[in-house]
Amino acid sequence: MGKVLNIAPVSRIEGHAKIAIHLGDDGNVQDAFLHIQSLRGFEKFIEGRPAEEVPRIVNRICGICPWMHHLASNKAVDGAFGVTPTETGYKLREMCQVMAHINDKILHFFFLAAPDFVLGPDADYSVRNVIGVVKAAPELATQVVKMRQLGQMMLDKFAGKAIHPIAGVVGGFAKPMVEEERLELLAGTRTLLNFACFALDFAINNVFAKYLDVIGALGVIKTGFLGTVDRTDGSLRLYDGKQRMMKADGSYVDFEGIDYTKYLGEHVEPWGYSKMPYAKFWNEGFDMSLSAPKGIYRANTLARINVCDKISTPKAQAALEAFRASFGRPAQQTLLYHYARLIELVYACERTIELLEWEGITDPRVRAKVEQKAGRGVGIVEAPRGTLIHDYTTDDNGCITKANLIVGTTHNIAPMNMSVKQAATTLIKDGVYNEGLLNQVEMAVRAYDP
Amino acid sequence: MGVTTALEGLGSCSGCEIAILNIGEALIPIITEALEIVHAPVLMDHKYFGQCGEGVTLTIPEATVGIVTGGVSNHEHLEVLEEMRKKCTVLIALGTCATHGGIPALMNGQNRQESWEGIYQTVTTDPGAKIPHIEVPEPLDRVYACDEKVKIDMQLPGCPPNPELIAEVLVSLLEGRPPVLPGKSVCDTCPTERKGKGDVNKVKRFLTNAKFTPGAPIDEMRCLLEQGYLCMGPVTAAGCSKRGAPSCISARVPCRGCFGPVRKDGNQLLDMMNALASNGIDYKSVVDRRSLLRFSGAHGQLRPVKKQADKED
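One line per chain: the protein sequences are R and W, in this order.
Residues 1 to 450 in the working numbering are what the first sequence lists, from first letter to last.
Residues 1001 to 1313 in the working numbering are what the second sequence lists, from first letter to last.
Hints are computed from structural coordinates only; laboratory data are not their basis.
Check the hints yourself; a few may be wrong.
[As the list claims (entries may be wrong)] Distance condition first, Cα-Cα at most 25 Å in a straight line; then the derived DMTMM-like pairs of lysine to aspartate or glutamate:
| hint | chain 1 | residue 1 | chain 2 | residue 2 |
| --- | --- | --- | --- | --- |
| 1 | R | LYS146 | W | GLU1164 |
| 2 | R | LYS315 | R | GLU354 |
| 3 | W | LYS1130 | R | GLU43 |
| 4 | W | LYS1211 | R | GLU179 |
| 5 | W | LYS1202 | R | ASP395 |
| 6 | W | LYS1130 | R | GLU284 |
| 7 | W | LYS1306 | R | ASP396 |
| 8 | R | LYS146 | W | GLU1168 |
| 9 | R | LYS242 | R | ASP309 |
Turn these sequences into a full structure, and let the hints guide you.
Here it is in structure tokens:
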């Protein structure tokens, strides 16, 4: 008789999910699912709230990437109130957003994903974790902890709160940066850039080189990609730009965020709370078939690295060129999300330094004049986990009447289901499975950093 | 061997777990020597149904210390929380969701069924979509704080909680002494300049920045309530201060109450209305008064409004 393996909870991820692998009588995989287990209802309970308060409510959607929600929300409220932030306000927000990417990537690669690579996917679960990494490689681990803490505390000190931030405000930013703060942030970010370059080299030589076979096989699927690029030169952007949807063949269409409803749809399956966004404008519907998927695209690091024409900062650009020389464009291998994540880590450090070196960054004009009013605004940023969309409509009193959110992780729900199915089907044959193989199925999910 | 410890997140955002990491380097000896972590989904791979997923009963190993983040909003949360209570000697509710419901308990102010239906009918959602119901945990009637469902031995609120206080709670447990935690209000820890009752008789929305000299110390800025902004410092538990000032105040932004009420059973909405009234400020100038309960909507504090009373006066 067939049976179901319930891998719950999926661990070393941010959210709440379980994997169910359905085995047939012959012990082969009939089907496999990633079930998303929670729904909180932000789209509804922000209705009625004064819009300027919403950026400090929706940051609670994610405690790992609260800056992304905070700032996408601020951009949406700017739009609804018809406000353009001052140039310094815009750049202070961008600096915080890009800096938040730094900590996120260190956290994900070293704390959540690395145990699989450093200790091996088959290591016992009691050591296959960050504590095991600390014991196996104490010097590296101490350095990693120090660097993450440095980035996190720089943001915390400058902006008051690193987790669930409050310093972004409709119209710009709540406080200017003074020279003393600028110098401290600059020194810290230069240290982080050195570490980022070390981390990328370390991973290329000690992780990706060793696991090339696994990278070429585990969870590999063929999809399109969504990301944000610079409006003029098509380079990688995280805070602001135009949206780019690339097909698996490399052709692409660019569009402005305000028009997202024409391009994206959200499919709902009865077996998971998360909706599954898909490329509605391809007019092919939605299908998670591994051989002939329809409407399926991916977001997050690999997607951004695939859709951008280049990266505007030198070290990250060099890394992108090396990546493309090895894997082409677009690269489809799921585990390359990790590689792309470290390229973005280098970019995030370089971009933070650029912003801190911009002459206007300490200008005291950080917030434009704001009046509450009726309107609609769409705010988009690239969250670590993908393109994040906040769409608000307000009434005359500037309170929210309607909201639509497409959260970064959700773009990858359908692809993650496909990768889980691909991995489970390839790894489990004739009823033979064990903890190590099942952990490899989870690794296919972990690469997406959900 | 260290003290066995289990960590679980219920209806949470992982911010509390990041706050634990923000203890920084001091965390390394705590998690490698002082504690022995036996279950913590965000960090390690212990599974509920056996490592190969063949079991049928949700099982968490026995532990001396249990830490729970997040509120209780569905049947799986409840099952996990009850298992944690059963297996842990000392159970700590960490973060405002676990202690007071937190932001997700804003849902308690709405008709959950109608709201969930609305979520699956947004502009981008495929027409005809229904609320998922297969292999997903069924929701409870509302969002609960942990102590409404099981006995909790220690409460440490904060959204997020302060890393220094998390470390203090852990270290005090290991040393077998009560933790030293702040018991006062945010205002009591706030160094801004207070001149006493002024000419403010209405509170304004935070649509303009506070008045202050950039780079000058916080104690040279006038109290934000005295500047005319709604600031919930008077009715919010202290604990967020890190560099000599409450976190939001240090960013020159008013407090919104994320550590919950000063007294465990306090009501931040009523307490704030009282605080405003006693300072001669018209409470009706607060737009959307119910959202003053945005962090503490569990314990029956926030309930759906009756249809006819949709608009408050």
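query = Checked against the structure, which of the hints given earlier come out wrong?
reply = Structure breaks no hint.
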